[in-house]
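Visitor: Sequence:
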Amino acid sequence: MTTRRTPPVRPIRDLSGLLDHAGHALATRMAAAFTELGITPRAYGVLFHAMAAERTQIRLAELAGLDKTTMVVTVDELEKAGLAERRPAAADRRARIVRVTEAGERAVERGTAIADRVHREVLDSLPEDERALFVAALTRLVGDGGALAEPVEGERTVRRPRRSRG
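Whatever position you read off the sequence shown (first residue = 1), add 208 for my numbering.
If you are wondering where the hints come from, they were derived from the structure by calculation, not from laboratory data.
Be a bit skeptical, because a hint or two may be false.
To be verified - Each pair of labels, with its calculated beta carbon distance range:
#1 Ala241 with Ala311: 33 to 43 Å
#2 Gly225 with Ala357: 18 to 28 Å
#3 Arg212 with Ala311: 36 to 46 Å
#4 Glu329 with Gly273: 19 to 29 Å
#5 Thr214 with Asp352: 39 to 49 Å
#6 Gly353 with Arg302: 33 to 43 Å
#7 Ala261 with Asp337: 53 to 63 Å
Cβ coordinates follow ideal geometry from the N, Cα and C atoms, glycine included.
Please model the complete structure; the sequences and the hints are all you need to start from.
Guide: What follows is the structure in structure tokens.
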């Protein structure tokens, strides 16, 4: 007969579990909200970063936290929807930049309003005096030099969806 052992009491909350759950819940909220625009938050992120400057697909993938295959599929979807187009880069004609169309610019404007609304709804669920502290603490953790700014390399790779911090 096996006996059940009680796990040890954790003196510190499970940050991994809390942050994973919060990130997933926020991602699902964002995806649901973006259905009104007819694009994914990932597509919005690519458009958002492409509007800022002439950037290659590779650079946009880095900024949006996407692998090359996902980036190609995303840009294909954006082109099909008439929101973006690929063009040769001025600096290197072998590279492709993603240019946002006028319809894409309107999608970024609407998408920004959607993202801001979702973020505001989440923050509004906290007491007013905790909102700025929460954002400041997360910003410090993931900002330059923060404890969670960069992944740590190890023997076993931790796979996770890539997300933009910008």
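Visitor: Checking each numbered hint in turn, tell me which of them this model violates, lowest number first.
Guide: Violated hints (numbers, rising): 1, 3, 7; every other hint is consistent with the structure.
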